[in-house]
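K.L.:
In order, the protein sequences belong to chains A and B.
The first sequence begins at 227 in my numbering and counts up one residue at a time.
The second sequence begins at 128 in my numbering and counts up one residue at a time.
Treat the hints loosely; a few may be bogus.
In silico DSSO-like cross-links for lysine-lysine, where the CA-CA straight-line distance does not exceed 30 Å [unchecked claim]: (1) Lys-169/B with Lys-185/B; (2) Lys-164/B with Lys-239/B; (3) Lys-164/B with Lys-283/A; (4) Lys-283/A with Lys-195/B; (5) Lys-237/A with Lys-164/B; (6) Lys-198/B with Lys-283/A; (7) Lys-169/B with Lys-283/A; (8) Lys-149/B with Lys-283/A; (9) Lys-169/B with Lys-327/A; (10) Lys-327/A with Lys-195/B; (11) Lys-296/A with Lys-327/A; (12) Lys-279/A with Lys-185/B; (13) Lys-283/A with Lys-185/B; (14) Lys-169/B with Lys-237/A; (15) Lys-198/B with Lys-296/A.
Simulated from the structure, these hints should not be mistaken for lab results.
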Amino acid sequence: DAGITQSPRHKVTETGTPVTLRCHQTENHRYMYWYRQDPGHGLRLIHYSYGVKDTDKGEVSDGYSVSRSKTEDFLLTLESATSSQTSVYFCATMREGLYEKLFFGSGTQLSVL
Amino acid sequence: GENVEQHPSTLSVQEGDSAVIKCTYSDSASNYFPWYKQELGKRPQLIIDIRSNVGEKKDQRIAVTLNKTAKHFSLHITETQPEDSAVYFCAAKGSSNTGKLIFGQGTTLQVKP
Numbered sequence: 227d228a229g230i231t232q233s234p235r236h237k238v239t240e241t242g243t244p245v246t247l248r249c250h251q252t253e254n255h256r257y258m259y260w261y262r263q264d265p266g267h268g269l270r271l272i273h274y275s276y277g278v279k280d281t282d283k284g285e286v287s288d289g290y291s292v293s294r295s296k297t298e299d300f301l302l303t304l305e306s307a308t309s310s311q312t313s314v315y316f317c318a319t320m321r322e323g324l325y326e327k328l329f330f331g332s333g334t335q336l337s338v339l
Numbered sequence: 128g129e130n131v132e133q134h135p136s137t138l139s140v141q142e143g144d145s146a147v148i149k150c151t152y153s154d155s156a157s158n159y160f161p162w163y164k165q166e167l168g169k170r171p172q173l174i175i176d177i178r179s180n181v182g183e184k185k186d187q188r189i190a191v192t193l194n195k196t197a198k199h200f201s202l203h204i205t206e207t208q209p210e211d212s213a214v215y216f217c218a219a220k221g222s223s224n225t226g227k228l229i230f231g232q233g234t235t236l237q238v239k240p
């Protein structure tokens, strides 16, 4: 889907460790997003980016940071992972213009023990 | 901040019946309203979208209506089929050029044969 690659696909880590999830896109889309998906909460926006070095907080940004040094890469970092951050993380990119559309990556299942 | 409320959280219908899912949004400047379908274990996929300058849009058995005054939009699925069973998400994008896109909490639709 729109050339979005998320890595890793699965990760198990321990409480207190830093974790970085990577999103790579090949479509040169300006907008990129990180969402987390939990039962009963739908898709909640963590952070998003509207250009290189341009990022902003979403609904649930506490405990997360992001960086976008290149158009194609958007990194999500959990500075000190907690069990409440166990979730499925989706990266997405937005195609702009007349055929505006949000494309999702395949997701990363993160378990914090 | 921006908010999107979606109802109901679960919906069960008999095959052939219609299903309606409703969403309200808080940002009156929102201008783009997509609907996504997510099957178990897969990424969300766009099924239909509508812009703020249009009141209704239809694609075969799926239609979306928008009431900007009430800040309300709905998904209508007619002649439901078992393969329509999935989780459906609505979303709203603000009019700023940051591309912030907020999702509703999701509706689990079950279509009984």
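K.L.:
Can you list which hints this structure breaks, lowest number first?
P.N.:
Hints 12, 13, 15 not satisfied by this model.
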